[in-house]
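Could you build the full structure based on these sequences and the hints that come with them?
Under this note's numbering, the first residue of the sequence shown is numbered 794, with each subsequent residue one higher.
Where hints are given, some of them may not hold.
[Claimed, not checked] Straight-line Cα separation of at most 30 Å, DSSO-like style, residue types lysine-lysine; simulated pairs:
| id | residue 1 | residue 2 |
| --- | --- | --- |
| 1 | 977 | 856 |
| 2 | 1035 | 1057 |
| 3 | 968 | 1057 |
| 4 | 956 | 989 |
[What the hints assert, rightly or not] Here are the computed distance ranges between Cβ atoms for each label pair:
| id | residue 1 | residue 2 | range |
| --- | --- | --- | --- |
| 5 | 964 | 998 | 32 to 40 Å |
| 6 | 1018 | 964 | 19 to 27 Å |
| 7 | 967 | 880 | 21 to 29 Å |
| 8 | 853 | 1060 | 18 to 26 Å |
| 9 | 846 | 964 | 40 to 48 Å |
| 10 | 1039 | 936 | 38 to 46 Å |
| 11 | 919 | 833 | 17 to 25 Å |
| 12 | 946 | 884 | 37 to 45 Å |
| 13 | 846 | 1016 | 35 to 43 Å |
| 14 | 1040 | 997 | 19 to 27 Å |
| 15 | 861 | 883 | 36 to 44 Å |
I should point out that these hints are in silico values taken from the structure, not numbers from a laboratory.
Here a beta-carbon is modelled for each residue, glycine too, at the ideal position from N, C-alpha and C.
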Amino acid sequence: METGETDKVLETKVEPFGLLLRWDGFEVQWAWMSKINDLVNYSFGSREVNQPSMLPEVIRALKSRSGTLETVLYSRRFSPVTMLPAIVLDGSDESASMWFNFHNADALESSSSEKKSLLRKQHLESVEGEPVFLEKTDENWEFAVINSFPQARGIVNRAADMKLAVADSRQNVGKWVIRVDVGKRGADFVAASEGKAVWSGYSEEGNVEGMLYDIVNVMHRDGKGPEDLIIRIAGAGAVELKSSLSRFFKDIHLFGDTDFEGLKSLAV
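Quick look at the structure:
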């Protein structure tokens, strides 16, 4: 089922210049980007996909609606990701694979996908400590996107969120800024403090209690209390999650007004 205003850009004859794509294992989300009076306009849509083998068909349908696109960015939501300082990896693919497998042993053990899938690396050179995000690629998703859009560039969803959290934290000295991108089947969350990337995590199937446990654990290790956190939430279920977290934290804000708000972070 498609939702949002996916066809609005085409109907108004404003040709899109870009496309943002996300996949969570069950649903493809997209956003067409067009410019009107030098302002970027987003038109969102989504489609549930019962079998990964259907992904190429969904992406081909989007391809058929567009002309030549300058920008196509895509990501995977709610998947294991490892964040490490660049100095630890020293540019070594072997080291990256070792650390990723070590940090995500439980998730890889329960996964039915091939463990030899390639790792995507995203290096945030502009952030203090130069964190590198490592993520195992989803072969079905990669094939579907690249086959229709060879120019597409893969983005680690949490790396995109972290860039925004870091920028936010520079304006909130002494606070941890936590960004949560929540969906029907999970959530990606990152934390930054005074321009540094401090933490990255995810939960599956809307496990609020597990997410809360992780936040409190890391917060205590850093000597922080609930009053030291600013939490910003977007996505499907953001209102409900805010209500749940409000029992423990006071400085909580919703950002954006759609279930697709997190898509915009890919283009930052």
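Going down the list of hints, with the structure as the test:
This hinted pair checks out: residue 977 and residue 856 have alpha carbons roughly 26 Å apart, not beyond 30 Å. For the suggested pair residue 1035 and residue 1057, the alpha carbons sit about 21 Å apart, so the restraint of at most 30 Å is met. Pair hint residue 968 plus residue 1057 holds up; C-alpha atoms about 24 Å apart against a cutoff of 30 Å. A hinted pair counts as satisfied when its Cα atoms are at most 30 Å apart, and residue 956 with residue 989 qualifies at roughly 10 Å.
The hint said 32 to 40 Å for the Cβ distance between residue 964 and residue 998, and at roughly 33 Å that hint holds. In this structure the supplied range 19 to 27 Å holds for residue 1018 paired with residue 964, their Cβ-Cβ distance being about 20 Å. At about 26 Å, the CB distance of residue 967 to residue 880 agrees with the hint of 21 to 29 Å. For the hinted restraint 18 to 26 Å between residue 853 and residue 1060, the CB-CB distance of approximately 23 Å keeps it satisfied.
About 45 Å separates the C-beta atoms of residue 846 and residue 964, a value consistent with the hinted range of 40 to 48 Å. A C-beta distance of roughly 42 Å is found between residue 1039 and residue 936, which places it inside the suggested range of 38 to 46 Å. Distance hint check for residue 919 and residue 833: the Cβ-Cβ separation is about 21 Å, which falls inside the suggested range of 17 to 25 Å. Distance hint check: the CB atoms of residue 946 and residue 884 are about 20 Å apart, inconsistent with the given range 37 to 45 Å.
The hint said 35 to 43 Å for the Cβ distance between residue 846 and residue 1016, and at roughly 49 Å that hint is violated. Judged by the Cβ atoms, the range 19 to 27 Å given for residue 1040 and residue 997 holds: they are separated by roughly 22 Å. One distance hint, 36 to 44 Å for the beta-carbon pair residue 861 and residue 883, holds here, with the actual separation near 39 Å.
Hints 12 and 13 from the list above are not met by this structure, while the remaining hints are.
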